[in-house]
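Respectively, the protein sequence lines represent chains A and B.
Heads up, the first sequence is in this note's numbering, so the first residue is 2 and it goes up one at a time.
Heads up, the second sequence is in this note's numbering, so the first residue is 4 and it goes up one at a time.
It is possible that some hints are incorrect.
[What the hints assert, rightly or not] Reference listing, derived: stretches of chain A covered by chain B, where coverage requires no fewer than 3 residues with Cβ under 8 Å from a Cβ of chain B:
hint, region
1, 62 to 73
2, 186 to 198
[Stated by the list, open to error] Here are the simulated distance ranges between beta carbons:
hint, chain 1, residue 1, chain 2, residue 2, range
3, A, Asn118, B, Lys422, 57 to 63 Å
4, A, Asn118, B, Glu241, 36 to 42 Å
5, A, Gly202, B, Pro160, 41 to 47 Å
6, B, Arg133, A, Thr55, 35 to 41 Å
Quick caveat, the hints were computed from the structure, so don't treat them as lab data.
Note that beta-carbon positions come from the ideal geometry of N, C-alpha and C, so glycine has one too.
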Amino acid sequence: MKKHLLSAGDLTRDDAELILSTAAELRSLADRPIKKLPALRGRTIVNLFFEDSTRTRISFEAAAKRLSADVINFSAKGSSLSKGESLKDTALTLEAMGADAVVVRHWASGAPHNLANAGWSRSSVINAGDGTHEHPTQALLDAFTMTRHLSNLDGRRIAIVGDVLHSRVARSNALLLQTLGAEVTLVAPPTLLPYGVETWGVQTSYDLDAVLPKADAVMMLRVQRERMNASFFPSAREYSRRYGLDARRMGSLQEHTIVMHPGPMIRGMEITADVADSERSVIVEQVTNGVAVRMAVLYLLLGGSEPALTTSEESDA
Amino acid sequence: MTTYLIKNAQPYGAEPTDLLLQNGVIAAIGENLEAQGAEVVDATGLIALPGLVDLHTHLREPGREDAETVDTGTQAAALGGFTAVHAMANTDPVADTAGVVEQVWRLGREAGHCDVFPVGAVTVGLAGERLAELGAMADSAARVRVFSDDGKCVSDPVIMRRALEYVKAFDGVIAQHAQEPLLTEDAQMNEGELSGRLGLRGWPAVAEEAIIARDCLLTAHVGSRLHVCHVSTAGSVEIVRWAKSKGWNVTAEACPHHLLLTDELAATYDPIYKVNPPLRTAADVEALRAGLADGTIDIVATDHAPHPHEDKDCEWQAAAFGMLGLETALSIVQHTMVDTGLIGWAEVAERLSSAPARIGRLADHGRPLAEGEPANLTLYDAAATRTVEASEMASLSRNTPYAGMELPGRVVATFLRGKATVLDGKLA
């Protein structure tokens with residue numbers, strides 16, 4: 002494993018499988034009465050959030066605490082109009098406080114790269130979502146969730162549906178799922194597929210109905226209604242009609258196919274309530290798995306070479 | 004005034020000869036010249052070129068003296084071999100009145116490192132809504148002939164048409180920053196394979212090309228003169244080539260960084276590579292070089308854009324657009340155009356001196372190295388190599404994308420009307 006987790010593309014198949022298998026071990030903790038391990042005792046992990054994200058922050062916080070790390074939450078909300086100096090100054094401050102890892106969420110694509118590479122800080126940097134670039138731990142938890150339902154991802158067909166253009170979740174998943182051997186199809190209106198997507202190695206489709214019957218997992222992406230104001234699609238209604246997942250479309254899925262969503266959902270826009278709450282939906286499970294996957298990432302990045310569940314005192318020396 | 008006797012210089016890279024600079028002019032050229040009391044400059048192995056002329060410089064004064072001043076910017080220019088620069092209008096206040104352009108012009112004269120020719124804004128406050136007092140700026144002491152809203156595009160076709168028409172009265176030229184604003188809202192880098200992967204908003208080539216095509220047609224229609232700033236795409240080169248084939252009065256510039264660097268550098272997320280128009284693809288670089296070689300692109304202009312450290316030491320999206328250019332331009336041109344065999348030193352003189360002086364209607368710059376001509380020239384050691392050090396720049400700012408890069412060539416001396424502004428590679 003590298004020192005940082007900036008992009009899902011940085012992970013080799015071995016790296017990714019190590020994270021997923023470690024997460025599987027740690028996942029079993031969730032069912033125990035005492036959920037805490039001493040693995041990162043004495044380590045300091047900073048959650049540095051320049052953009053609101055309650056669920057990702059809480060997930061990382063829970064992960065760090067279950068590994069007995071000290072957690073500092075640093076919310077430095079700034080708009081994209083404000084100067085970037087605050088990132089550097091914040092990094093210098095955290096460096097001075099001795100952070101071992103910085104979990105960063107930022108509105109600017111590449112900000113975690115700056116944090117890791119600009120010489121501002123020596124901490125491990127974990128990208129918790131940067132602009133419209135990447136969200137690698139989300140992809141890891143998605144992959145983890147898929148493996149629990151589909152076992153091996155080799156040759157599995159994964160459909161990612163919606164606003165791919167603005168989605169960091171889609172970018173990280175496209176990279177990671179291919180690394181793990183899955184066949185990824187991005188489904189969106191042409192306006193919401195990024196320029197150059199044909200070089201990503203994925204399939205693309207404008208036709209959701211054609212893709213659904215073959216999919217082993219369907220991941221719906223959040224689509225902001227405001228996108229229609231920039232003419233990415235004519236109206237929310239037309240979007241839902243063409244690309245929304247409703248009960249009728251759910252009926253065309255294979256028996257084993259799961260439905261996913263990174264949240265937060267806009268019910269009635271990209272997914273209807275009956276689908277989101279159906280048996281196929283693993284959306285709530287994704288959240289649970291998120292904690293285990295983030296525990297695994299923190300544990301492995303912060304030098305955990307011992308098996309995660311060794312609870313002897315030597316292991317966290 | 005010191006008389007300089009330059010021994011064994013190679014004009015345009017040709018056979019060595021001597022040049023006598025006296026009373027502001029080249030008094031004599033020939034072998035074995037002698038002159039009583041003259042300061043002798045040994046130019047053995049050095050190429051003599053007419054003093055370089057930059058049609059596109061940001062000196063930042065007035066308003067952003069933390070980034071650059073007329074004094075420091077013209078020092079950088081002299082060290083880069085320039086004897087004249089055109090100072091862009093996007094200062095604060097904007098150079099949209101006779102008062103501001105005269106101020107910049109006067110600051111240039113006081114600094115004395117090279118001649119400063121202010122560019123006038125096309126529209127009031129660069130807002131693109133109504134014409135600035137172009138005539139007043141043309142008639143001012145600064146004698147403005149080049150008008151540009153550079154940094155912003157004159158995107159309204161009616162305003163652009165009127166501007167092109169209006170400047171005919173005083174032989175002016177509109178230098179267009181070609182960027183369709185609606186197609187490039189919040190754009191961060193070249194729209195291509197990489198922008199999609201990096202999650203950075205794309206700046207598509209069509210946003211430049213569509214404006215250039217429109218402006219060429221407008222120029223032809225009203226019979227005026229258009230100059231296209233910082234051409235960056237292969238498609239733009241094609242359009243300019245087509246416009247020239249029609250005999251229309253269109254000229255174009257390429258910037259050194261667009262002749263060398265590509266959008267792949269954005270993958271570092273290091274905003275030192277953030278510039279507008281953005282770095283493009285290797286295919287675009289090739290097309291620009293070919294266009295510059297065959298004359299489709301008339302000139303190289305630096306788009307020297309100083310920014311203080313904090314505007315570049317931050318996230319890509321928060322960073323300012325632009326990079327330094329004056330002190331490295333000739334080296335980049337040698338590296339990309341001369342050492343590759345695309346052009347010779349006579350063409351370098353044409354592209355970096357004569358042609359920009361003609362476009363700017365400068366009488367005393369870009370003149371040939373000949374007896375009786377103004378003694379504006381630079382001596383250049385093409386055999387030298389150097390490693391670019393940002394901290395050694397004369398510019399107040401440090402935002403060079405070439406730091407650490409080994410580049411060929413070194414400006415040894417620059418003369419402005421017979422007075423040395425640079426000697427031994429240092430400010431005189």
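Taking the hints in turn, this is what the structure says about them:
1. Counting residues of the region 62 to 73 of chain A whose CB lies closer than 8 Å to any CB of chain B gives 0, which falls below the minimum of 3, so the coverage claim is violated.
2. With 4 residues having a Cβ less than 8 Å from any Cβ of chain B, the region 186 to 198 of chain A passes the three-residue criterion, so the hint holds.
3. The hinted range of 57 to 63 Å is not satisfied by A:Asn118 and B:Lys422, whose Cβ atoms lie roughly 46 Å apart.
4. A beta carbon spacing of about 38 Å between A:Asn118 and B:Glu241 agrees with the range 36 to 42 Å that was offered as a hint.
5. The hint said 41 to 47 Å for the Cβ distance between A:Gly202 and B:Pro160, and at roughly 42 Å that hint holds.
6. Separated by about 49 Å at the C-beta atoms, B:Arg133 and A:Thr55 break the suggested range of 35 to 41 Å.
The structure shown violates the earlier hints numbered 1, 3, 6.
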